[in-house]
Amino acid sequence: MTKVKKRPVELVVISDVHLGTYGCRSKELLNYLKTINPKTLVLNGDIIDIWQFNKRYFPKSHMSVLKHITSLLTNETEVYYITGNHDEMLRKFKSFKLGNFQIVNKLILELNDKKAWIFHGDVFDITMKHSKWLAKLGGKGYDLLILLNTFVNWCSKLFGYGKLSLSKKIKNSVKGAIKFINNFEKTASDIAIENEYDYVVCGHIHQPEIRTIKNSKGQTLYLNSGDWIENLTALEYNNKEWSLYEYQNDEFARSLEKEKKDKEKKEKKKNKKQDNAIIFNELLEEFNIQNTKKL
Numbered sequence: 001m002t003k004v005k006k007r008p009v010e011l012v013v014i015s016d017v018h019l020g021t022y023g024c025r026s027k028e029l030l031n032y033l034k035t036i037n038p039k040t041l042v043l044n045g046d047i048i049d050i051w052q053f054n055k056r057y058f059p060k061s062h063m064s065v066l067k068h069i070t071s072l073l074t075n076e077t078e079v080y081y082i083t084g085n086h087d088e089m090l091r092k093f094k095s096f097k098l099g100n101f102q103i104v105n106k107l108i109l110e111l112n113d114k115k116a117w118i119f120h121g122d123v124f125d126i127t128m129k130h131s132k133w134l135a136k137l138g139g140k141g142y143d144l145l146i147l148l149n150t151f152v153n154w155c156s157k158l159f160g161y162g163k164l165s166l167s168k169k170i171k172n173s174v175k176g177a178i179k180f181i182n183n184f185e186k187t188a189s190d191i192a193i194e195n196e197y198d199y200v201v202c203g204h205i206h207q208p209e210i211r212t213i214k215n216s217k218g219q220t221l222y223l224n225s226g227d228w229i230e231n232l233t234a235l236e237y238n239n240k241e242w243s244l245y246e247y248q249n250d251e252f253a254r255s256l257e258k259e260k261k262d263k264e265k266k267e268k269k270k271n272k273k274q275d276n277a278i279i280f281n282e283l284l285e286e287f288n289i290q291n292t293k294k295l
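The opening position of the sequence shown corresponds to residue 1 in the numbering used here, with each subsequent residue numbered one higher.
Derived from the structure by calculation, the hints contain no laboratory data.
From the three backbone atoms N, C-alpha and C, an ideal C-beta is built for every residue, glycine too.
Don't take every hint at face value.
[To be verified] Derived SDA-like pairs: lysine to any residue, alpha-carbon spacing no greater than 25 Å straight-line:
| hint | residue 1 | residue 2 |
| --- | --- | --- |
| 1 | K106 | S243 |
| 2 | K115 | L284 |
| 3 | K217 | D198 |
[To be verified] Estimated spans, in silico, between C-beta atoms of each pair:
| hint | residue 1 | residue 2 | range |
| --- | --- | --- | --- |
| 4 | K217 | L98 | 17 to 25 Å |
| 5 | S95 | S216 | 32 to 40 Å |
| 6 | I279 | N238 | 53 to 61 Å |
I would like the entire structure built from these sequences, with the hints used as guidance.
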């Protein structure tokens with residue numbers, strides 16, 4: 001397997017991974033994490049989906065993501081876990097700190113004499129504040145939609161077509177969803193400008209974005225890290241500049257996935273041959289053929 005040469009990155013922000021759900025793209029996230037060496041990693045909410053957590057479903061690949069993040073701590077990476085609505089139970093542990101790991105509700109970082117205000121974003125969601133049961137129902141509906149989308153994409157791939165995103169199509173076509181996203185971005189930016197933050201960094205709405213937003217009092221750079229269910233995106237800060245990482249454009253990280261699949265295929269084939277040989281030898285012994293040959 002190719003030896004992975006890791007990219008040094010000053011700051012990486014990921015959010016909305018939703019470990020423990022069927023829609024989580026943990027393998028792709030792990031491939032990405034294996035290609036970078038971040039000085040600071042910000043987990044900006046909804047990393048583990050406690051709302052929909054089911055002890056019967058937490059695959060090895062999901063656990064591998066957590067193990068890799070833990071390994072980054074031993075390499076002196078600072079890891080901040082910012083709580084979101086799907087992992088809100090962790091809010092009772094805010095200010096918990098162990099070595100380079102810390103749980104917080106929000107984070108303010110100094111980046112080359114500029115201030116970055118980082119938080120998940122559900123604080124702006126009226127549904128979260130007044131109708132939590134409705135929000136949870138929506139979360140289950142979204143998870144069901146992702147499951148349906150997975151099946152649709154399997155069929156699409158079988159017939160030689162590209163991938164589709166049902167939830168993206170819904171979000172981009174429903175006026176209410178578009179209005180909510182615009183209001184979310186404006187509200188976050190207005191507060192950031194009021195408090196003189198140069199950058200405001202969110203997650204929550206699964207809509208990756210980097211754009212300057214202005215009002216009568218000034219301007220700020222609004223950033224959203226997207227998610228690891230549909231968009232497979234993250235934010236990176238290096239050399240005084242922000243960039244939006246997109247897994248679909250990272251040929252190197254994707255090649256790791258192909259190599260791993262090829263390796264697993266070879267191992268499976270090898271094990272199958274070994275199993276066949278063992279079964280055949282057992283058959284010979286059962287019929288005492290080896291003893292017959294000696295006679």
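- Which numbered hints does this structure break? 2 and 4
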